[in-house]
Amino acid sequence: MKLVRVVFITGLVCLSTFLSAQKTPKKATKASGSATSAANGKIVYMQSCLPCHQQDGGGVQNMNPPLIKTTYVLGDKDRLIKILLNGFNEDVEINGDTYSNAMPSFAHLTNQQIADVLTFVRNNFGNKAPSVTVADVNKLRPGK
Amino acid sequence: MKTKFIFSSFLPLIAVAGLAWYGAKYNSSTSIAFTPDADNAGLKLPDGFGALKAADNLGRARHIAVTQSGDVYVKLNRAVNGNGILFLHDGNGDGKMDDTQGFGNYPGTGMYIKNGYLYASSNNDVYRYKLDANQKVVNPAEPEHIVTGLINRRQHESKSVVLDNDGNIYVNIGAYSNSCQEQERTKGSMGRKGCPILDSAGGIWQFKADKLNQTYGSGTRYATGLRNVVGLDWNQQNNQLFVMQHGRDQLHDLFPDLYTVQQSAIYPAECMYALKKGDNAGWPYIYYDQDQHKKILAPEYGGDGKKEGPSGIIDPAAAYPGHMAPNAILFYTGNMFPERYKNGAFIAFHGSWNRAPEPQAGFFVVFQPFKDGKPFGKWEVFADGFAGSEANVVSGRAEHRPSGLAQGPDGSLYVSDDNKGTIYRIVYNRK
Chain A
1 MKLVRVVFIT GLVCLSTFLS AQKTPKKATK ASGSATSAAN GKIVYMQSCL
51 PCHQQDGGGV QNMNPPLIKT TYVLGDKDRL IKILLNGFNE DVEINGDTYS
101 NAMPSFAHLT NQQIADVLTF VRNNFGNKAP SVTVADVNKL RPGK
Chain B
145 MKTKFIFSSF LPLIAVAGLA WYGAKYNSST SIAFTPDADN AGLKLPDGFG
195 ALKAADNLGR ARHIAVTQSG DVYVKLNRAV NGNGILFLHD GNGDGKMDDT
245 QGFGNYPGTG MYIKNGYLYA SSNNDVYRYK LDANQKVVNP AEPEHIVTGL
295 INRRQHESKS VVLDNDGNIY VNIGAYSNSC QEQERTKGSM GRKGCPILDS
345 AGGIWQFKAD KLNQTYGSGT RYATGLRNVV GLDWNQQNNQ LFVMQHGRDQ
395 LHDLFPDLYT VQQSAIYPAE CMYALKKGDN AGWPYIYYDQ DQHKKILAPE
445 YGGDGKKEGP SGIIDPAAAY PGHMAPNAIL FYTGNMFPER YKNGAFIAFH
495 GSWNRAPEPQ AGFFVVFQPF KDGKPFGKWE VFADGFAGSE ANVVSGRAEH
545 RPSGLAQGPD GSLYVSDDNK GTIYRIVYNR K
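One line per chain: the protein sequences are A and B, in this order. Sequential numbering from 1 applies to the first sequence in the numbering used here. Sequential numbering from 145 applies to the second sequence in the numbering used here.
This is chain B alone, in the form it adopts within the complex:
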């Protein structure tokens, strides 16, 4: 009787221990073992959400990837102590990363985990690192070169990457130009005929994810007419590539007779595109006007703010106000957040500079609802307050600038900041 009692009183403990072990191993638990920061890391979030700073002062933190055990890889746009990639580990489970290791001495933006490898990009090349069973890099000093020799002429130099489910990697090669003018960013200069930049940039290139030392010749120009894409993600629901384009700058500065300062601040739209092989999004010949809902002929190619562009150019899947600089898009597939977020897109807007002298905008993370793999309904600001104050938003002198997004194994949303190097972790804590 007594032994039976003791045993039965231990049963719940054993069960809890078992569950904990199960949870630790498979990370299927959505319970939160840590508390959000008292001020939610300075962020404004919808009811029921909280946030903490998982790490701080890392440097120019661009794209990030979270492993199945909750470790975070961070790609830095400027190497710190010779390290362009950081590995962050939370040893005691309080949500704060307490162990940092670095490797990869090159600056860059791309960071993605798929099929047992960590993919990373410099501004010229794509690398990958073999991961062990815990998704730790096996040999940090010897990455494999997947793609080399991509164009980097400084403007729009970052090479973002994402993989599909068929062994391909997609690489953004941004146009080294604003609008393909004969004289770059020069008032009144017209567009170059048959913009030659598009031969080697201004699009998304597809390469094999497991073949070494590929160059332009071994890749395919998957989609063209994309000025600069920093954020891209693979939509698992309809097995399709989605990208966020940084729209062109300076309509007023370059063509003051056609556009006012105010129009130049909000146009053109920052566009989301759902891409198929062979698509043309129209840069530099057109831009998308989010209020006329039209693809407008660029002034460099004879446009007047109203004339529509040539045919054969795809429509955006969704459009957002100008110059807010979408640096990341992430389709949320986790179970932690309420159901309405599932399969929708989070978009990190780095924030504008090209609205001056009008007030700047952005510096937040947006949620775009989706239904059946397509944007459905209006976008909403999900996480705000990165800038630190409204005055910082207006001046563009934001304290933090959202730049990368990743989903944790428990369904947490991670946001990187490339100004101060903060890694935010956003959680839902209402039952």
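Just chain A, same shape as in the assembly:
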């Protein structure tokens, strides 16, 4: 219940940030960098993530966890990057549901691709969270 509330509040905060961001005119400089990253990330998502997490990021009941407004996706960047680098093979509990499929490592992706796909996921499916940069990934896996 607590988790639900945290997720909900996080969602609300994100939503209001998103709405206020919508009102201001687009700034070309920094926004376009993360927009490109997200666009490239979509390509990676379609190839590597969609088969399990699905087109809408909603996952699959009992098996593949949703990527919509969860603390895994919106929270700590390092934890999220590590899930892609190392894979994830333990029960995930989100809002009382558990998801049990093993996620393989996606270490074959470049650091740029990992930054791109995580930026895409953190800014789609109703999510709004800061971009993941190559520097963020480099910190955990230097030079790929």
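I should point out that these hints are in silico values taken from the structure, not numbers from a laboratory. There is no bait here: all hints are sound.
Partial list, derived from the structure: chain B residues whose beta carbon lies under 8 Å from chain A:
1) Q394
2) A500
3) N563
Glycine included, C-beta positions come from ideal geometry on N, C-alpha and C.
Since the structure of chain A is provided, determine the placement of chain B on it from the hints.
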């Protein structure tokens, strides 16, 4: 004269009352005392059939069992208020369950009634509960442990059960893997030599139905090479175990040079197997291609989509399009439905996820005609519309997902849904 007249006018009433009493006691009547929902519970059915929602919003309703008086036991995959099993009773005979009781605090899938016991399974163990003359559980708080300590490594964890007529119980122990790769679900990773998973999973195990506290050592690996079976039933006509396998996932994702996205969406087949003791259905070494009609060597073991697998592997009894996830099979032995359904199989397809980005499929109940204990002729969709809309089918975001099947004493077909927890009752109402 007058008394005679009165008596004779009462005669039909007495006869009707007598028949009603007979019917209530033995449930041999096939007349329907209730009306299907106006929209047939949202289902599309063949002419003459109707449906109603006997219960709704129960939770993750997996397999179900119906008693001789029409009460329903439901196994939940996630306990609700500490109850993993629900007992549903229809007090006023309108077809709607109006009394719900719960017990058994463990999640799971298996639910089956045989020889005075209700059998239930968690994802590790098999339990049974003694039933009274009305098939009500005598002591819900104290089940007997029939089998304990079965492998549960999360993937394919459900332990479905069915009994034969010789005192044995059959338990599915699903493989905790997609295709026994050295690195699970990892692109290009090859298969483990002599797949060790098969020692303790990836098959059907046979145990004694009335012996307590059995473990792997006391059971027999009845059939192997079955990736994951959720639906299984005992065919009474030829006294044989039939199972439905969930076929492997991700041919394209794991071997993109060998399979297109489109091929990966429809292959391999979801297979029905008629099993004999000692049979090997071939997982992870082969999969069945329903268009080539061949057992194809898996890419993890050197296959290229065309090479056939090794010998000694049985053929499926029937094959269905890929990834539709058959979660239940039921041989229909009732008298309510038209004759052609008798001894045929109903199959509940839970619906796919592994077809993305291609459209998903399934989310329906299929009828497979049988003749002399073997599939005979093409399968057909019997009950559709569980998903709520065509768009929900395509996206996989179905409102309801068929998961369990059971036959009522009057010949009604019950279907459970593990998404919203609806129990459907399908009846035939044409004379």
